[in-house]
Every structure is written in structure tokens, then in C-alpha cells.
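Chemist: Just so you know, the protein sequences line up as chains A and B, in that order.
With the UniProt record's numbering as the guide, the letters of the first sequence map in order to residues 1 to 710.
With the UniProt record's numbering as the guide, the letters of the second sequence map in order to residues 1 to 710.
Keep in mind the hints are simulated off the structure, nothing from the lab.
Just so you know, not all the hints are guaranteed correct.
No more than 25 Å apart at the CA atoms, straight line, and that leaves these computed lysine-lysine pairs for DSS-like [unchecked claim]:
(1) B/K521 / B/K241
(2) A/K174 / B/K322
(3) B/K520 / B/K588
(4) B/K322 / A/K185
(5) B/K663 / B/K183
(6) B/K241 / B/K681
(7) B/K622 / B/K185
(8) A/K588 / A/K183
(9) A/K174 / A/K681
(10) B/K241 / A/K322
(11) B/K588 / B/K183
(12) B/K322 / A/K322
(13) A/K520 / A/K241
(14) A/K183 / B/K663
(15) A/K306 / A/K681
(16) B/K588 / A/K306
(17) B/K185 / B/K174
(18) A/K322 / A/K202
(19) A/K144 / A/K622
(20) A/K663 / B/K322
(21) B/K322 / B/K185
(22) B/K183 / A/K322
(23) A/K322 / B/K520
2 protein chains.
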Amino acid sequence: MLFSALLTSVGINLGLCAVFSLLFSVLRKQPGNADVYAPRFLAEGESQGTSRFELDRLFPSAGWVARAWSVSDDELLSVSGLDAVVFMRIFVFGFKVFSFATAVGVLLLLPFNYMGNQLSLDFTDLPNKSLESFTISNVDDGSKRLWIHFSAVYVFTVFVCYLLYAEYDHISSKRLACFNSSKPKPHQFTVLVRSIPALPGKSYSEVIESFFMEYYPSAYLSHSVVRRSSKLKGLINEADKVCRKLTHLKTLDHSQERFGRAGFLGLFGPKVDLLGHYEKKLEDIDYNVRLERSSKEVAAAFVSFKTRFGAAVALHIRQGMKPTEWTTEPSPDPDDVYWPFFSASFFKRWFCNVAVYAACAVLIVLFLIPVLIVQGLTHLEQLEIWFPFLKGVLRLEFVSEVVTGYLPSLILQMFLSLVPPTMILFSSIQGYIALSQIERSACFKVLWFMIWNIFFANVLSGSVLYRFQVFLELKNIPSMLAVAVPGQATFFIAYVVTSGWTNTASELLQLNPLFLSFFKKRFCNASSEEFDVPSIPYHREIPRLLLFGLLGVTYFFLAPLILPFIVIFYCIGYVVYRHQLVNVYAPKFETGGQFWPIVHDSTIFSLILMHLIAIGIFGLKKLSLASSLTIPLPILTLIFNSYCRRRFLPIFMAYSAESLISKDRSDQNDPSTSAFYEELKTAYQDPSLMPIPYPRNYDNSQTAPLLHTP
Amino acid sequence: MLFSALLTSVGINLGLCAVFSLLFSVLRKQPGNADVYAPRFLAEGESQGTSRFELDRLFPSAGWVARAWSVSDDELLSVSGLDAVVFMRIFVFGFKVFSFATAVGVLLLLPFNYMGNQLSLDFTDLPNKSLESFTISNVDDGSKRLWIHFSAVYVFTVFVCYLLYAEYDHISSKRLACFNSSKPKPHQFTVLVRSIPALPGKSYSEVIESFFMEYYPSAYLSHSVVRRSSKLKGLINEADKVCRKLTHLKTLDHSQERFGRAGFLGLFGPKVDLLGHYEKKLEDIDYNVRLERSSKEVAAAFVSFKTRFGAAVALHIRQGMKPTEWTTEPSPDPDDVYWPFFSASFFKRWFCNVAVYAACAVLIVLFLIPVLIVQGLTHLEQLEIWFPFLKGVLRLEFVSEVVTGYLPSLILQMFLSLVPPTMILFSSIQGYIALSQIERSACFKVLWFMIWNIFFANVLSGSVLYRFQVFLELKNIPSMLAVAVPGQATFFIAYVVTSGWTNTASELLQLNPLFLSFFKKRFCNASSEEFDVPSIPYHREIPRLLLFGLLGVTYFFLAPLILPFIVIFYCIGYVVYRHQLVNVYAPKFETGGQFWPIVHDSTIFSLILMHLIAIGIFGLKKLSLASSLTIPLPILTLIFNSYCRRRFLPIFMAYSAESLISKDRSDQNDPSTSAFYEELKTAYQDPSLMPIPYPRNYDNSQTAPLLHTP
């Protein structure tokens, strides 16, 4: 790619960013869009200004940037939880790493790359100069200047490791501080017990009661047995929808509006009195629910204890004589529980697990097809061979620049946007029992998917090395990567600009929810009160951020030109997501920063990858001494990583006896503890086993949430 | 190898076995040898008959066989602990597996192999017929008879898996029963705490006291801080020796004998009054010990609790806020503690670990040299090429039979006998804190060493496949093994006969201790009271047994002729080791059957290896359908294994809350508990920090074991 093509791409994306942010600053001021741009405030009942028309509403402004900037970490913590703070730390971490990298790379390495003569292009015409001359490929073979690159690799690694340590330390102390200052939460006092043995003539509930009363007489508090409830779930959801509609209908002033079509989306079918129609429907559902209520108990239960330490003891020590019975796992928060998979047998879950891994593998392989097509676009000559009739069009300079600079990453993005939902689906099939676990597992899957399908697939198919066997010859990997990686620098710069900048700006605009809300209001008679506050899709955003980190780290000494673009990306992201976290996204769960270890591991992986490439490059550039001297670097990095795993990771897995006991003691003096115990006893009722949530103003006699008695 | 060569080898070894057992039955009746053949009884003060001469003493008898046979498992359990019972179960398990295998292999497979024409040898002259005609190599390519082999592989696998499950079940229930019936033991109530944080102005002892008093006020009992004692250890050992000598000297009647030479082995140096000499020496040592006593505390301690459950809680839950502090591990029994490595820092231990693995690798590579030489012996032609001057001798039939049938395995054995002590040395450097852990780790090392260096090295160097790269091409492994393994059947039959039969019989004779005891008594003036009761070297014996299991399983359908020899080996072993465990070996530690998982894993490995060979063989024999149909077998075996790991392995790792609490409750009513607590408080004193054990009749004022006060 030429320098001018890069400029075109940057220009287009800068323009898009500007347009998006201007549009956003206007649209957010329209009161009708509050459910899109400030759903959190709306949900809390705060109105966003008056409905009265003001001229100011039509002009863009940048006040939101200042407001987003001024939100402190503590405010964010109180509003969106530790996960949001950790998410923002990724931006800060990325910014720190790549500002340093930019300083070293652009000021020190770039001039040396440019001064090389390996690619022997003419010096005069900068716009038409290939971007390759800014990469390490341009440095002469065996040149002493490569020692500067060598030192840069060492210095950068040390700097990143120092930052990684500091961040891990900071976040783990934050996590402990959050725990220490937290109010008692049900999941801290509860463990999930599975594989409860069936005793003849006793229900699971009785078996649990007698077991824990026997062995934990002082610590045991209560339990809730899990029930087979997948069918019920669907019924309840339906009832919930109907109830909402009923409430809405009742609030309408004109009785005429109560008539509508009963069919699909309210567009088809005969006209009926909707009030009567929905009331009839609700009765039917209620009848079915009563039938399903006699559902069977599952051999699993949430067992609550009087102290956090008691729960930890039950969690960490094997309970039953037979290891396959009475297995315990940490319990998620009641809101975080994912109920459908409790009833699954061990073999079903085992089979689902295997099936999911197979499906992931298939997805990765099939995804190579669009990646290969995209790669074809960056090599115009190949495209001309494939589609000869396009020859004329492609020769036009602007078209060629758009095609090579912008189109490839746009297409890639479209396909990529389908991946996170697929991975969430996969993870939810795998048998996790908490939404947060599903999201974390999906985050992992998406991350490795992206590293493989964006980084490796682009790098390898872009070069001559199509064969996959090369990965089996371990010794050749460094030199293979050294050949392949630098050649893709320009593609990845374009990718950062398109996927990084523009996607982040379009995140601000919330295009999908905006259209959805618009259509709903227009065509579905939806009230403005009927909306969900979304939660931030960590499984989509974190892998994206980490991929940019991977690109930045691996290209740091190969093609430093990519670094400023990445720094700008992290800056844009910091402002945009800080705004979104405060105004748009409400936390769905709280893992206490458990996403950070993924960030740490991914950064270590990036560093090791960079070292492998460095070993290969120095060998290729006939500076074998530097190549050999780089070998200790990945080993030292791995040792550093294993130390971090020992030092910090356990904090993210479980709390220590010291923390738990201190926290329990401070609770003892709290008068609200007994009220909390009462709450705890009913916290883990399956929502689908609760009575149907009849709306408040529909039937007052049934409002009180009756506890389900089997 | 010819059939007659095999007969020669069997003949020689049968003869040796007979000679050994005859010699044993005579020698064991001599009262002077009681310290070799019945040290356990001698140590307990039981005399072995009178010293009076009886004619019967000169005639061999077989009464010991009947006595060994009649020992029940419960007797063995009470005399030698669960480890001995588990060790004997290996013989029973092996016998069951290979009786079934012999029935199937010899009655069903062997005739079919022999009826094949692949090797097209003449049928008439059995003694000169190559043993190869009894192997699967003789079955015709593509013959339908191979389906019998195929079915045999499936049936055998199912049978072995069933036995494995039954044994695991049996032994784990034995383990639980032993725990439930055990008296309170110090290690059940104790955990080893490491990385105790140093607080300014406080000793480690105070830090521990305040931590556990704070967080486990009701369960905490006491602690003993570990001290840096490696130098002391040496001094104490010396003092111990001198004390023994003094005691011995004092019991002598003639004062003349009290004079001797003070130098090496009492053979050199000036003649002195030994009594005075040793008393002087003891005083010197005592002075040095006092100097060393001010040794520094190490950041590790044995912390004892009032209940087993309390100790388990402290063990399984992370204690300190900082994961690198207050780390806990299960405590070994006081007698089982290996003290030298406590003072080692984390980095020293880490480095030692890496160094040991490197040393193991080097040992494995260097060991290939004798193996290759041994292999040369089975291929006489090659030997004639290497040493042309031997041509004449090697042409003699008897010499050639001895050389090919007997010598190779004898040489191999000599080298192999050096391996277990080396591995114990390696394991003890690795930083384990218990003798049992060292032995278990050495057992693993020896096992993999033997599988690699006896099985694979023989198989691969015996065939054309010298190259090690073949192991990198995973797909080719089955066919490679299929080519190589059957060819070595005869070598391994000879190996079973030599190493299995004769070694086991010579185990009975205890040649080394016999000579040692003889020389000591003759030349070192050692009293007959001065002897150690040996403990059975599990790390040497278990891998040997498992290697025969591996040979039997892999050769089951390839060369069933090996099976009867293995069955006989297990029979001989059962009688011999049952006798030895009751009369000779005293248990040094009690792991509660923790050696069984090694047996289980090794058997699973053998099965998988057999399946791989079967896949290769059926492919090679042009029966690709059978080859494909064998593929599910290793997968099913692995699933079975993973089930067993979930079902049984946790029982061998730790006891469950259910067991611990029940046991604790039964103790509460026991009046001896308070006495046990007193004992527990001092159980984990480093023996080198105890006062010098002055012999009872040397200085009565210092007899009471004073507790060390720092």
C-alpha cells in the first residue's frame, strides 16, 4: 500500500468519526432519544430536560466530552462497579504502553528504518512511497543499526512487564478494597452444591438439610433446591410480556386505542378488544404454569451459610466421602444465575462441551473464507486476475485507494460483528451457571478467535505461506513469522483506523438501538417506558481492545508507524466508553475485576509473540548474535508471568481466610445482619418458580411475591 | 532368537532360582544371619531359635513358602501398613490380568499365529524354529483370522478396565477404612505453613501465634518453627555414631578390647584407649552443637490444630491476603519429614527443580549407550562385525545361546540397578519435605525411565528405526510401533525370565546385606545388635512390576508366548515379597495407598500403547477396517480413565469433610485425647534440635529428652 492510500483511509475514517460525534451530540439532546442515549437516567426516573423545543438542541456541542473526562474512578466504581473500572484501566494501560512505544518507535526506530536501503526505493516522492520503507524490512541486512531495535525490544519488554505488575497490583488491591467495603451479598454466603445423593424415601431438600445440619450445625443457614424449570421459563417470559402490554393498555386514555390486531407485531389478524384478548391469554398461561409447577427437583441446591468463611470452607473442602457426590462450586449472585442448564446431566454437559469446542473449530475454519477474500483486496493484482472485468475500474486511482485502504477492513468487520453473539451462544450451551461466567468464557473464545482469524490468518495468507503444516515444525515458526508479519503492517494500520476509530465513534451513536427504538415507536405502538437498559458486552469489547494491544506490541519494532494510530484509538475509546458507562450501560453482574487476568495473559502472549518475531527477524537480517541474545527474553517473560500467577491470580479466584473472617467479624456488630439472613433464605428462588408477576395495578390481591411451596 | 535359545535362558534362570531359594532356606536358619533374614523380629527382641547346633539347620525346607502364603491381608496391614497391602495388590492384579490374558492368548491366539504362513518357515523342527512364528507377524496379511486378534484386544481391554475399576474401588475403600480406624496421628492435625511474613520486632514464632490465635482461636493448638539445621544434622549423626560405639565398648567384658586404632575403619592410626577417645570426641561435638544451636529460624512452621477438620480448613483455604504469604501444605508424619530442604529459598528450590529435570534428561540420553550395546548382543551378526576376533567363539552353539539369551538382559540389569538410587538422589534434591514424597517422585522417575529406556529404546534401536525424529510425526507412530514392537518379543521374554524370575529369587537371598553383615562382623568389630531394619524400596520395585505389566499388555496379542512367563513371575513375586514384608522390611512411612494411582495410570498407559500398536498392526496386515475400528478403543479408555480420576483420585489426595468431622467427633469422647495433644505439641521438633541422644547407660542425668528452647 502506498502512503497516499493510507492517507485516504485515515481521511475517510476521520471524516466518519467527526460526522458520528456531531450527529451524536445533536441526537442526544432530543428528549425522544433518551431511551437510547441515557437509558440509565431514564430508568432511574430522571428526566433529561424539558420536552419544550430549544434552539440549542439543533447545534452540536462538546460538553459531553468534558463531562465524561471529569468522571473520577470512584464515581465510576459506585455507578458501574469494579468491572467497569477495570475495563477503563485497559484504556489507561494501553495508552501508557503505546505512548512510551510511540516515543521510542517513532523518534528512534522509524528514522533508522527509513534511512535503510534494503528496499532501494527513490527518496523523493513521499506520497507515492510504499509504506514498507518505514518498516524494519528497509534496514540493511547485517546492519549495526539493528542493535537499536534489539535494545528497544528489551527496554519495551521491561517497561510493559513493569506496567503489567503495577496494574495487576493496583487492580487486585482495588478488588480487595471493594470486597472489604461491600455490603453483605447473598453469593458471598452461598455455595452451589451439585450431585446430591438420592436417598430412598427422602426428598433432596431433606437430604441436604440433614447433611449440613449434621456437619455444619453452627454455620448452616438455609438452602434452595433447584428445580427443572426450562419450560416454565418460557411461559413466565410470555406472561411477563402480556402483563406489560396490559399495564400499557390500561394507562391509555382513549378506549379506541385498546382495539388492535391480535396477530404478528399487531399488523395482521382480526381486530379485537386487546384488553380482553390479553386477559384471556394471561389466564391460559397461568393455567399452564400451574401444571408445570409440579416440576421435579434437580440434584442441585444453593446452600447458604451464616458466615462467608463457612461458605468458603464448604466450597474448598471436599464434602462427601464419594468424590462424585456433594460437589461444590462458588455460587453466582442471584441476578447472575443462568438457570436453564441446571437440569442437564453430567453427560449432557460433557457432550455439549465437546460439541461447543468442535463448533468453535469449524467456525474458525469457515471464517478463513472471508478473510482470504479480504486479503485479495489488498493485493489488487490478484483481484484483477480473479475478476478481469473489473480491471478498468480498479485502475482508477481513487477506486484503488478505497479498495485497498478501506474496503478490506470494512468487510472483515461486518463478518466479525457476527462472532461475539455466536460465541455467547456457544458459551451458554456449555453449561455455565452464571451469566458472568458465560461472558468471560465468550470473551476468551472471541479473543482467541480474533487473534487467530485476524492476526494469524491475515499474516499467513497475505504472505506466501499458505500451508498450515508449518505450525508443526516448531523450529521454523520464528523465521516464518519474521517473513510474514512485517508485510502486513499497512493492512493493520488501515484496520486500526477503520475498526478502532470509526467503530468506537459509532459506538457513541448507538446506531442499532437508535433504529430499533425509532421503529418500535413508529410501528409497534411501544410506549417510551418500554425499554431495557443495556449492559456493556465485555465479550465483544475486551477482545477488540486486546487485539489492538497485540498489533501494537508485535509491530512496535517492525513498523512503528502503527503506534500513533493505536494511541489515538485508546484516547478516543477512553472518552467514549467513560461516557457510555455512566450514561448508557448498566452493569448486569459484578465479577470484581475478574476480566483483568485475561488482559494480563493476552499481553504476555503478545510480548512472547513479539520476541519470537524478533528472533526470526534478527536471524533473517543476518545478525544472528542479536537473534540468540533475544532467546532469554521470552523465557524471562514467562518466569515473570508465572510469578504474577502465583502472586495475583489467587486473589481473583477466591478470597483468603484473613479477608473472609475479618469481614464476617465486622458484620457481627451490624444490626441489619438478621434482616439480611431473612433475605438470604429466599434469594436463590428460581424466578420462574415465583408467582407470575401480575402488574401492580392489574390485580392487587396477587401482588405480594408469594414464596413457592413445593 | 531360536526356541532352543529361549529354553537355555529359561533353564539357566530356573536353575538360579532353585539355587537361590535352596540357599535361602538354609541360610535363614543360621542364627547369625537373623539380622539379614529376620531383622524385624530381631529388632522387636524376638530370638530366632537357639544358638545350639541342630542338624535340621543344614537342610533346605519350604516351610517359609507356606507361612508366607498363609499371611492374610489384615495381618499384613497390621504389620506393614496399607502401602504393603497395596504393593501386594499389584501382584494379585497382575496375576488376574495375565491369567486371563494367558487363557485367551495361549489357547486362542497362539495356535492361529503358529498356523500362519507369513514367515514361511518349515514346520518340522520345533527347537530350531524361530520364536517369531508364534507372534502375530506369522499371520498372513489380510487374513480373516486377524478379527480374532481384534476381538481379543477389545475383550482384554474391557476386562482390564473392569479390574482397574474394582481394584481402585477396593483400595480406596481400604484407605478410608484405615483412616476411620486409625489412632490420632500428628500429621492429621498439622499443616506445614510456609512463607510466613517477617514483621519488624517480632520473631516468626510470635507472628504465627498471633495470626492463628486471631483467625482460628478455637481450633489452633500449637506450632513449631523450623530452623536452619543442615550443619547440626551432620554433627548429630556423628554424635549418634560415637554414642553407639561408647555403649558397645562399655558392654565389653575385657578391658583389652577397649584399646584400638583411632583412624580409618579402626585399621590405621595410633593405638589409644577407645573409651577416652570417644568420650573426648563426644564432648567436642557437644560443644559444636551448642554453637550451632543458635541457628536462625526459617519462615516455615508446623502448625497443629485441635481437630483434623481444623487442619483441613487451614490447608485448603488460602490464608493470607497476599497469595505468596502463609502458603500451606499437608504435613507429613514427624518420622517422614525430610528436614534438609526447609531452609532452601524459593529460588533455590526452583533452580534445583529445573536442574533435576535436566539431569534426568541427560541420564536418559546417556543410558542409551549400554542399551545399544545390549541390543548388539541379540543381533549376533552385528557383534561379529564389531569384534571380528570373537567370530570363532560366537559360532559355538552354547556360547551363542548364552550370549543372545542371557547376557543382554544381565548387562542391562547391572546398569539398571544404578538407576533407582540416582533417582532418589534427584528427588531429594528437588525440595520435597517428606521421605514418602521423595520415594513417590522417584518411583515416577524410575517408571518413565524404564518405559523409555527399556521398552522404547529396545524396540526402536532393535529395529531399523534409529531416528528419533519419527516421534515428531505423530501420525506415523502406530505403524512405526507395529513394525518395531513384535520383533523384540523374544528379547523381552528373556528379560522377564532373567530380570523377573531371578531377580525376585535373589531378593529372597538379600545378597548385598548378607555380604555387608558378614564383612562388618568379621572386620569392623560390629556387634550383632548394630543393624538397621531396612524398608522396602518402592521406587525400585513398583516400576519393575509395572514394566512387566506393560510388556504383558503390549505383547498380549502380538506374542502371547510371553504371558505364561509373566504369570509365573507374579506368582513367584507374590510369595517372595509377602515373606519379605513380614520378616525383613519395616515400613519407613505410611502414605495410605498413595502408590496405587501410579499403578492405575501406568496400566492405562500400557493399554493405550497396545491400542496404538494394534491400530498400526492391523493397518500393516492390510486389514484397514479393523485398524479403523480400533480407534475408538483408546478414546473410550481415556474417558474411562478420566471418570476414574474424578471418582477415586480425590480420595487419595485428601479426606472429605464428612470423614474428618466424623473422626473428630469420635475422638471427643476418647479420654486419651488430651495426652495426644501434649504429644502433638512436641511432635514436630527437628530431631537435630533435640538434645544429643546420650545412650541410656552412659549418662543418666541427660536421658530425658529435653525440649529445645530457643
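Chemist: Now tell me if each hint is right for this structure.
Modeler: Hint by hint, here is what the structure shows:
Taken as a hint, the B/K521 and B/K241 pair is honoured in the structure, with Cα atoms around 17 Å apart against an allowance of 25 Å. Straight-line distance between C-alpha atoms of A/K174 and B/K322 comes to about 13 Å, which keeps the hinted pair within the 25 Å bound. This hinted pair checks out: B/K520 and B/K588 have alpha carbons roughly 24 Å apart, not beyond 25 Å. As the CA atoms of B/K322 and A/K185 are separated by approximately 23 Å, the hinted pair is consistent with the 25 Å bound.
With a C-alpha separation of about 10 Å, the suggested pair B/K663 and B/K183 falls inside the 25 Å cut-off, and the hint holds. With a C-alpha separation of about 28 Å, the suggested pairing of B/K241 with B/K681 is violated against the 25 Å cut-off. With a C-alpha separation of about 61 Å, the suggested pairing of B/K622 with B/K185 is violated against the 25 Å cut-off. Between the alpha carbons of A/K588 and A/K183 the distance comes to roughly 18 Å, so the proposed pair stays at or under 25 Å and holds.
Distance hint between A/K174 and A/K681 is unfulfilled; the C-alpha atoms sit about 30 Å from each other, more than 25 Å. In summary, the hint linking B/K241 to A/K322 is not supported, as the alpha carbons are separated by about 49 Å, beyond the 25 Å threshold. Using a Cα cut-off of 25 Å, the hinted pair B/K588 and B/K183 holds, with the two alpha carbons roughly 18 Å apart. About 33 Å separates the Cα atoms of B/K322 and A/K322, which puts this hinted pair outside 25 Å; it is violated.
Restraint check for A/K520 and A/K241: the C-alpha separation of about 15 Å stays at or below 25 Å, so the hint holds. A hinted pair counts as satisfied when its Cα atoms are at most 25 Å apart, and A/K183 with B/K663 does not qualify at roughly 37 Å. Distance restraint check for A/K306 and A/K681: the Cα-Cα separation of roughly 10 Å lies within the 25 Å cut-off, and the hinted pair is therefore satisfied. The straight-line distance between the Cα atoms of B/K588 and A/K306 is roughly 44 Å, outside the 25 Å bound, and the hint therefore fails.
The hinted pair formed by B/K185 and B/K174 meets the criterion: a straight-line CA distance of about 18 Å does not exceed 25 Å. The hinted pair formed by A/K322 and A/K202 meets the criterion: a straight-line CA distance of about 19 Å does not exceed 25 Å. The suggested pairing of A/K144 with A/K622 holds, with an alpha-carbon distance near 10 Å, which does not exceed 25 Å. Restraint check for A/K663 and B/K322: the C-alpha separation of about 16 Å stays at or below 25 Å, so the hint holds.
For a cut-off of 25 Å, the pair hint linking B/K322 to B/K185 is broken: about 31 Å separates their Cα positions. Between B/K183 and A/K322 the CA atoms are separated by roughly 22 Å; this keeps the pair inside 25 Å, and the hint holds. Between A/K322 and B/K520 the CA atoms are separated by roughly 52 Å; this puts the pair beyond 25 Å, and the hint is violated.
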